[in-house]
Amino acid sequence: MSTLTAPRLRRPESDWPGHTLAVSEPLRLDGGVDFGPFTIAYQTYGTLNPERSNAVLICHALTGDHYVADPHPITGHPGWWTTLVGPGGVLDTDRYFLICANVLGGCMGTTGPKDINPATGEPWALDFPVITIRDMVRAQKRLVEHLGIEQLFCVIGGSMGGMQVLQWASSYPESVYTVVPIASAARHSAQNIAFHEVGRQAIMADPDWCGGRYLSHGQSPSRGLAVARMAAHITYLSEAALHRKFGRNLQDRNAVTYGFDADFQVESYLRHQGSTFVDRFDANSYLYITRAMDYFDLAAEHGGSLPAAFAGKQPRFCIISFTSDWLFPTPESRAVVHALNAVAANVSFVEIGTDKGHDAFLLHEPELFATLRGFLEGCAEHRGLTRFWTAGA
Amino acid sequence: MNSSAALKIDPAVRTAPVSPGAPGELRRDLRLIAEMIEPHSRVLDIGCGDGALLAHLARDKGVDARGIELSQSGVNACVRHGLPVIQGDADSDLETFPNHAFDVVVLSQTLQATRQPRYVLEELLRIGKRAIVSLPNFGFWRIRVGLLFRGRMPVTEVLQNPWYDTPNIHLCTIRDFVGLCDEIGARIERSLTLDRHGHPYTLDPRGSLANLLAEQGVFVLSGPDGDVPPR
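Quick mapping for you: the protein sequence lines, in order, are chains W and P.
Position 161 of the first sequence, counting from 1, maps to 161 under my numbering, and the rest follow consecutively.
Count along the second sequence from 1, then add 393; that gives the number in my numbering.
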C-alpha cells in the first residue's frame with residue numbers, strides 16, 4: 001500500500017474500508033437517554049462458519065478503531081493488532097470470523113460527537129449523550145445479533161477493550177464462550193481518572209475548543225488534544241521502556257540549548273505522538289470515551305460486589321496482565337480473578353514479564369502470543385471448532 | 394518476588410521431567426494421586442507446576458481440572474497447553490474460593506513451602522469436599538542418620554536444596570502431620586507412605602515404622618464430620 005498519506009490527502013470517510021450498520025431502534029443508554037438511530041462502523045476478517053460458532057469479537061482500546069488489520073485510512077499505518085491477526089496468526093483468519101466495531105462515541109465511522117445531530121443539523125459536540133462501557137457493549141450486541149450470531153466464540157480486547165470484554169461476560173454471559181480481557185480492570189482507578197482529567201482539561205483549555213463547537217467554528221483544538229495525548233502516552237509506557245528507548249539522549253544536538261526546544265529525544269518523541277494523534281482523532285470523542293472509562297465500575301452495577309457481576313454460568317476466562325503495566329497493574333486483574341474464584345468460574349490468569357508497560361498488549365510479546373494461542377486452542381477444542389474451516393470443506 | 398520467593402515450589406520437585414503432553418511419564422506420586430480421583434469430578438491442584446497432573450486428569454479422566462501455581466513459567470506452560478490455571482499461591486488465594494467449590498483439592502509436595510500450613514490445610518478442607526496432600530517426611534531414616542552422624546541439614550532426592558536456599562520452610566514428619574490433622578479435626582480417609590522411589594509401603598501412617606521408613610506420605614483428608622469448617 002502506498003497510503004502513507006499526509007492528512008490533507010486522506011480518503012473521504014465514505015471511501016473508508018469496512019462495513020456500516022444503520023441501527024434504527026434506539027438504544028436505552030445508562031444515562032437514561034434513548035439514543036438513535038445511529039450507525040456502527042465495523043470490519044470483519046475471515047469467514048463465518050455455517051454453524052456460526054467461530055466468531056471472535058475484538059474490542060478496541062481508547063484511541064483504537066476497527067481497523068485491526070487494515071492500513072489506517074487516515075494515517076496509512078498498519079492495523080493496530082497485526083501482531084495477532086492474520087492467516088495462521090493467534091487470531092487465525094483461516095479459522096475464526098473476526099469482528100471489530102468502532103465504539104459508540106468514536107470518530108471512525110460509528111456515531112459520535114463529531115457527527116451531525118439530526119435535531120439541529122450541526123455536529124453533536126457536547127449535546128452528544130454521555131455514554132458508558134456498557135452502552136458501547138449494548139451497541140456491539142446489536143451488531144452481533146444483526147450478523148445472526150447467537151454465541152460468540154470469544155470476546156477479546158486490551159485496556160478499555162478489556163473493560164468491554166468484562167462487561168460482555170457480565171451482561172451477556174450466555175452469548176460468549178470465552179473471554180480474554182488483557183491489561184484491564186473491573187473499574188477505573190482514581191489515578192487513571194486523574195490522568196484522564198488532565199487530558200480533558202488540556203483539551204477544554206484550548207481556546208480553539210470553542211466550548212466543544214470547534215467544528216461549527218471551523219477550528220480544531222489541536223494543541224489541547226496533543227497535550228492530552230502526550231500525557232496519556234507516558235502512562236502507556238514504563239520507566240524502563242522510556243529509559244531503554246531514549247535515556248537522556250539529546251535530539252539532533254550535542255548539548256542542551258538552555259531553552260525550551262525539544263532538547264531531549266523523549267520530548268521530541270512525545271511531541272510527535274501528540275501532533276500525529278490530532279490528525280486522526282476527534283477531541284470531543286476523546287472527552288466522551290475517557291469519561292466512559294472513568295465511569296466503568298462493574299461491581300457498582302451489582303451492589304458493590306464484583307463476584308455478583310459474574311454470578312451464574314460463566315464463560316471461560318483468560319486474564320492477562322503485564323508486570324510493568326502501572327496503568328492497569330496486575331492487582332487489578334487479580335481482583336477480577338478472585339471474584340471469579342468466588343463464583344468458581346473457569347479462569348486462567350497469566351502475568352507476563354515485560355518492561356514494555358501497558359502498551360505491551362499491542363507489541364511483539366512472544367509470551368503473550370503463546371499464552372493466547374494455547375488458551376484459544378484449548379477452548380476451540382472444547383467448542384469443537386476445527387482448525388481450518390473453509391467454505392464447502 | 395522477594396516475599397514470595399520463599400514459597401516458590403522447589404522446581405526439581407514440582408517439575409520432574411514430565412511435560413503435559415507426555416501421559417505415560419507422570420511422576421509416580423502424582424500417578425498415585427490421580428488414581429485416587431474419580432472421573433468427571435471437579436479438582437483444584439494447588440502448586441500444579443507445569444500442569445502434568447491436570448493434563449492427565451483432564452485428558453484421561455474427563456476431570457474439570459483447575460490449577461494454581463506461583464511460578465510464572467509454570468502458569469504460562471499450563472495456559473499454553475489449554476489448562477485453566479491462575480497465578481497465585483496457597484497462602485493468599487484459597488480464601489477467594491467458596492465452600493466445597495471442588496470435589497478434590499490437591500496439594501502435592503507444597504504444604505511444607507507455605508507460610509501457614511495449618512491455615513492452608515483448613516482452607517483445603519473448606520473449599521474441597523476432600524483434600525489430597527502429599528508431603529516429604531522429615532522423619533525419614535536417612536534424614537535422621539544424616540543429622541545424627543553428619544550433623545548437617547538433609548539434602549535428599551525429595552529435599553534437594555541446601556538449608557539457605559530452600560522453599561521448604563515448614564518441614565514436618567509424617568507423625569507431625571497426622572498430629573496436625575487430629576488437631577484441626579481432619580479425618581484421614583486414606584493414606585499411603587512411599588519409599589524413596591515412590592513405591593507405596595503398606596504401613597500404618599500413625600506407626601513409628603512409617604515415620605522412619607517412608608520418604609513421602611500421601612493423605613486423603615476430609616473435614617470433620619463432612620462439615621464445612623468455619624472461615
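Derived from the structure by calculation, the hints contain no laboratory data.
Predicted model only: the values in this text are computed from it and were never measured.
Misleading hints may appear alongside valid ones.
Calculated from the model, a selection of chain W residues having no Cβ within reach of chain P, i.e. all distances over 12 Å [what the hints assert, rightly or not]: (1) GLU13; (2) GLU25; (3) LYS114; (4) ILE116; (5) LYS141; (6) GLY212; (7) MET230; (8) ARG253; (9) PHE317; (10) CYS318; (11) THR323; (12) GLU351; (13) LEU363.
Not everything, but these chain W residues come out facing chain P in the computed CB check (under 10 Å) [what the hints assert, rightly or not]: (14) HIS233; (15) ASP294; (16) HIS338.
Every residue gets a Cβ at the ideal spot worked out from N, C-alpha and C, and that includes glycine.
Against the structure, the hints come out as follows:
no.: 1; hint: GLU13; in the structure: holds (41 Å)
no.: 2; hint: GLU25; in the structure: holds (38 Å)
no.: 3; hint: LYS114; in the structure: holds (41 Å)
no.: 4; hint: ILE116; in the structure: holds (47 Å)
no.: 5; hint: LYS141; in the structure: holds (26 Å)
no.: 6; hint: GLY212; in the structure: holds (44 Å)
no.: 7; hint: MET230; in the structure: holds (33 Å)
no.: 8; hint: ARG253; in the structure: holds (41 Å)
no.: 9; hint: PHE317; in the structure: violated (8 Å)
no.: 10; hint: CYS318; in the structure: violated (7 Å)
no.: 11; hint: THR323; in the structure: violated (9 Å)
no.: 12; hint: GLU351; in the structure: violated (5 Å)
no.: 13; hint: LEU363; in the structure: holds (17 Å)
no.: 14; hint: HIS233; in the structure: violated (28 Å)
no.: 15; hint: ASP294; in the structure: violated (27 Å)
no.: 16; hint: HIS338; in the structure: holds (4 Å)
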